[in-house]
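Chemist: So the protein lines, in turn, are chains A and B.
Going letter by letter, the first sequence gives residues 1 to 96 in the working numbering.
Going letter by letter, the second sequence gives residues 1 to 204 in the working numbering.
Treat the hints loosely; a few may be bogus.
Computed list of lysine-lysine pairs in BS3-like fashion (alpha-carbon distance at most 27 Å, straight line) [what the hints assert, rightly or not]:
no. : chain 1 : residue 1 : chain 2 : residue 2
1   : B       : K88       : A       : K62
2   : A       : K36       : B       : K88
3   : A       : K59       : B       : K201
4   : B       : K201      : A       : K68
5   : B       : K134      : A       : K68
6   : A       : K59       : A       : K36
7   : A       : K78       : B       : K134
According to the in silico footprint, chain B covers these stretches of chain A (three or more CB under 8 Å from chain B) [what the hints assert, rightly or not]:
no. : stretch
8   : 6-15
9   : 42-52
These are computed hints drawn from the structure, not numbers from a lab.
Nothing here was measured: the structure is a model prediction, and the numbers come from that model.
Note that beta-carbon positions come from the ideal geometry of N, C-alpha and C, so glycine has one too.
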Amino acid sequence: MPEIDRIIHVPARLRIMAALASLDQSAQLDFRTLGKSLNLTDGNLGAHLQTLEEAGYIKIEKSFVDRKPRTYVAITNKGRTRFEVHVAALREICGV
Amino acid sequence: MEQERHSQITPEEARTSLAEIDQATRRIRQTIAAGISAPMLIMWGSIWAVSFVTEQYYPRWSQTVWGVLILIGSVVSIFAGFFHAPVKNARFSQVWGRIGLAWLILFAYAALWIRLLGPWEMAHRGYGALLERKVSAFICTVCMFAYVLMGLWLDRFLLYVGAAVTILTLVGYYYVPGHYYVWMAVTGGGSLIFAGLFIRKFWR
């Protein structure tokens, strides 16, 4: 029986995971693009990403482009699986 | 325990969460598309506008201006696609590379079709201005044909932009022959810039 994941169920984190899970398996998303898309401030987004990273659901990579730092975020296999289980649980509750 | 049975979640709350998932998925796709398409449309619209104005008022310089600006635009497009894309992965780079290659092939075929159709023969019979307009309209519609095709695969918005600029090109060609190049600068270049600004404003 699918289970609700309390880490993912927080609205902002749910949207972050949904956005990342919609990309290809190996895709990394730019931090600023993610924040802009979800209407989250850098601080707010950073805090939620840290929680998700600590849970092993996402990985964060920092690199330099044109000598400027850029942060990329990607969903892990564990995160994708947990997200899919979470969605299945939500659907089950709704009876979908 | 972070994972738990879902007895505490109401169906209403679950429905709201599923709707948020759908919205987040849709928005991230739009934001990624906007991050790539908007600056490209604005840049190529500006290139069209400047080059067509040059063609209308300084025809002697038009080939040089077109050549230099297309070269700069192509280099910037490739550079932006590979190094400033909002998404980083092998598949994205592959898709971007194929789009670039497709444009190159399209231009090569357009050049081949122009050569095969041999419109230069008309130039010897005093149809020089008409010939230049014909070739220009042909190249513009070939470019917009590519937009329409990209729209089928990437985002419908590009399809609408391609179709709209094709219609504007035909209107300019048939009904505004005396000011065709200015018409193309304003409507063709302007439409591309407007589309880029629209995406930047509303897709983020």
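Chemist: For every hint, state whether the structure bears it out.
Modeler: Here is how each hint holds up against the structure:
Straight-line distance between C-alpha atoms of K88/B and K62/A comes to about 12 Å, which keeps the hinted pair within the 27 Å bound. A C-alpha spacing of about 17 Å is found between K36/A and K88/B, which places the hinted pair at or below 27 Å, so the restraint holds. Our distance criterion of 27 Å between C-alpha atoms is broken by K59/A and K201/B, whose separation comes to about 30 Å. Distance check on the hinted pair: K201/B and K68/A sit about 25 Å apart at the alpha-carbon level, within 27 Å; holds.
At most 27 Å may separate the alpha-carbon atoms for a hinted pair to count; K134/B and K68/A exceed this at roughly 46 Å. The straight-line distance between the Cα atoms of K59/A and K36/A is roughly 19 Å, inside the 27 Å bound, and the hint therefore holds. Only pairs whose Cα atoms come within 27 Å are accepted, and K78/A paired with K134/B is rejected, the gap being roughly 58 Å. Interface restraint, the stretch 6-15 of chain A with chain B: holds (6 residues with C-beta to C-beta distance below 8 Å; minimum three).
Counting residues of the stretch 42-52 of chain A whose C-beta sits closer than 8 Å to any C-beta of chain B gives 0, which falls short of three, so the coverage hint is violated.
This entry does not satisfy hints 3, 5, 7, 9, going by the numbered hints stated previously.
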